[in-house]
Each structure stands twice: as structure tokens, then as C-alpha cells.
Amino acid sequence: GPKVLQIPSHQIIDMGQMVTLNCDPVSNHLYFYWYKQILGQQMEFLVNFYNGKVMEKSKLFKDQFSVERPDGSYFTLKIQPTALEDSAVYFCASSLLGVSQNTLYFGAGTRLSVL
Amino acid sequence: QQQVRQSPQSLTVWEGETAILNCSYENSAFDYFPWYQQFPGEGPALLISILSVSDKKEDGRFTIFFNKREKKLSLHIADSQPGDSATYFCAARAYQGGRALIFGTGTTVSVSP
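For the record, the sequence lines run as chains W and E.
Okay, so the first sequence: first residue is 5 according to our numbering, each after it adds one.
Okay, so the second sequence: first residue is 171 according to our numbering, each after it adds one.
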């Protein structure tokens with residue numbers, strides 16, 4: 005099936021540093037999402053993005069977070085500065101359309117460890 | 171406030187038994203309910219889904235039962251196999267275009283041979 009690629013698979017950084025998580029969505033998809041998962045538990049919605057704009061964001065999407073798709077290819081999540089509580093697995097997803105029944109395809113995640 | 175709830179948190183069944191996973195929701199605007207399967211170290215993958223206009227959806231050994239009045243649904247895994255051991259997430263999404271897919275808390279299923 006369609007593949008979403010996330011790079012890198014694991015990133016370790018010191019608290020206060022900036023980190024950028026990269027996502028290569030399915031090529032013809034138009035909607036993009038970031039989710040946060042701690043310890044294999046609940047998938048928590050962070051933000052969704054369409055046509056160069058944030059459409060919706062949760063309270064977990066702090067001011068230190070930003071998203072963009074600068075060159076029309078990678079969809080990125082930037083955290084600046086990072087905090088200890090940002091340690092988690094971050095999943096990127098994409099969907100072709102935004103209608104409710106359109107399938108979200110997820111990447112394998114990037115494990116972020118903030119020391 | 172948890173919009174999508176799942177129970178039990180974990181479940182162990184013997185190979186060949188039927189596993190039943192429960193889900194409930196609060197938001198009446200939700201009209202699409204996918205179930206995602208996640209194996210350790212991987213992202214969630216769509217397993218089966220249902221729209222709120224239906225009360226049942228079947229795909230092989232997997233069946234969703236949906237009760238709109240009670241805002242409840244369940245996933246039945248018939249003839250469970252060891253390869254079904256995974257975490258299952260119930261999710262929900264509103265009909266308004268582009269809205270977030272909200273995940274439940276997950277149920278970890280272990281199938282013993």
C-alpha cells in the first residue's frame with residue numbers, strides 16, 4: 005500500500021535544542037498530520053495541514069512547535085526549543101482528501117529522546 | 171476530556187477464540203470510525219472502518235458492530251490468530267472536511283497459541 009516515510013527513525017537531542025522531524029508523505033496526498041505517542045499508548049493528535057496552512061491544532065501543539073512543507077516534498081515538524089516532555093514517538097500521516105472517510109496512512113514514526 | 175474511550179485496556183485470548191474490543195464516543199458529529207492495528211515499532215495501519223449510516227461492517231475475520239443511539243461500537247476478531255497480537259485503536263472523525271482523526275486509548279490484544 006501507500007508508504008509514508010519518516011526520517012530519522014530515532015533522534016537524541018539535549019533539552020533546549022531545536023529539532024526537525026521529516027516526513028515524506030504519499031506522493032499525491034494533500035492533507036498532512038502529526039501525532040504524538042508516548043510509551044506505545046494513545047495516539048494524540050497534534051496538527052493537520054493543507055494547502056500550506058495549519059487547519060486544526062490541539063492544545064498539545066505548543067508555541068514551540070511549527071510545521072511546514074517548504075519545497076512541496078517533505079512535511080516537517082520543528083520543535084524549538086525542546087523540553088523533556090517532548091520525548092515521544094512522533095507519527096506523520098497523510099491522506100488524499102480531507103473528507104471524513106478518507107484513509108490516513110501513517111509512517112513508522114520518529115522516536116525523539118530529549119535529554 | 172477523552173472523546174473516544176476503549177475497553178479493556180488489554181485482552182488475552184486463546185487461538186481460535188473471538189476477541190471483543192469495545193469503544194465509545196461522545197461527539198455526535200463523528201460519522202466515520204476506523205479501527206487501526208499497530209505492531210510494536212510500527213505506525214498504525216487501517217484495519218477496517220465503518221460509517222455511521224451502517225450498523226455492521228464485516229471484512230474476513232474482523233467485524234464492527236455500531237450502535238449510533240448509544241454511541242458505542244465494538245470490534246470482533248473471530249478465530250483469533252497469534253499474528254493478531256497487536257494494539258488496536260478505535261478512532262473517530264467528524265464529517266466536516268479536514269477534521270482531525272481522534273484516537274481512543276487502545277486495547278492490547280495477546281493471542282496465545
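Please keep in mind that the hints were generated in silico from the structure rather than gathered at the bench.
Yeah, the Cβ is synthetic: ideal placement off N, Cα and C, and Gly gets one too.
One or more of the hints may lead you astray.
For each label pair, taking beta carbons as the anchor points, the in silico distance ranges come out as [to be verified]: (1) E:R175 x W:L88: 25 to 35 angstroms; (2) E:F209 x W:G20: 44 to 54 angstroms; (3) W:S77 x E:R239: 22 to 32 angstroms; (4) W:E72 x E:E187: 22 to 32 angstroms; (5) E:E228 x W:D67: 20 to 30 angstroms; (6) W:P6 x E:S180: 23 to 33 angstroms.
The calculated SDA-like cross-link candidates involving lysine to any residue, where the alpha carbons are at most 25 angstroms apart (straight line), are [unchecked claim]: (7) W:K63 x E:K226; (8) E:K226 x E:E212; (9) W:K7 x E:S219; (10) E:K241 x W:I83; (11) W:K7 x E:A199; (12) E:K227 x E:K238; (13) E:K227 x E:R269; (14) W:K82 x W:G56; (15) W:K63 x E:S194; (16) W:K82 x E:S219; (17) W:K61 x W:Q15; (18) W:K57 x W:D18; (19) E:K226 x W:T107; (20) E:K227 x W:N106; (21) W:K7 x E:L217; (22) W:K57 x E:A199.
Far from chain W, by Cβ distances over 10 angstroms, these chain E residues were calculated [said to hold, decoys possible]: (23) E212; (24) D254; (25) S282.
Between K227 (chain E) and K238 (chain E), does the CA-CA distance stay at or below 25 angstroms?
14 angstroms, holds
Are the Cα positions of K61 (chain W) and Q15 (chain W) separated by 25 angstroms at most?
Cα-Cα ~24 angstroms, so holds.
Range hint compliance [Cβ, R175 (chain E) to L88 (chain W), 25 to 35 angstroms]:
28 angstroms, holds
Assess, step by step, whether the Cα of K227 (chain E) is no farther than 25 angstroms from the Cα of R269 (chain E), and give holds or violated.
Holds, because 23 angstroms separates the two Cα atoms, which is no more than 25 angstroms.
Would the pair K7 (chain W) and S219 (chain E) pass a check requiring their Cα atoms to be no farther apart than 25 angstroms?
With a Cα-Cα distance of about 19 angstroms, the restraint between K7 (chain W) and S219 (chain E) holds, given a limit of 25 angstroms.
Is the Cα-Cα distance between K57 (chain W) and D18 (chain W) 25 angstroms or less?
Not OK: K57 (chain W) and D18 (chain W) at ~29 angstroms, beyond 25 angstroms, violated.
Non-interface claim for D254 (chain E) versus chain W (Cβ beyond 10 angstroms):
17 angstroms, holds
The hint says 20 to 30 angstroms between E228 (chain E) and D67 (chain W); measuring C-beta to C-beta, is that right?
At roughly 46 angstroms between Cβ atoms, D67 (chain W) and E228 (chain E) fall outside 20 to 30 angstroms, so the hint is violated.
Nearest-CB test (10 angstroms) between chain W and E212 (chain E):
Given a closest Cβ separation of 6 angstroms, the condition is violated.
Given the hint that K57 (chain W) pairs with A199 (chain E), test it: the Cα-Cα distance must not exceed 25 angstroms.
Answer holds: K57 (chain W) to A199 (chain E) is near 24 angstroms, not above 25 angstroms.
Just to be sure I understand the hint, the distance between the Cβ atoms of S77 (chain W) and R239 (chain E) should be within 22 to 32 angstroms; is that true here?
46 angstroms, violated
Pair hint outcome, K82 (chain W) versus G56 (chain W) [Cα-Cα no greater than 25 angstroms]
Holds. K82 (chain W) to G56 (chain W) sits at ~15 angstroms (cutoff 25 angstroms).
The structure fails to meet hints 2, 3, 4, 5, 7, 8, 10, 11, 16, 18, 23 from the earlier list, while all remaining hints are met.
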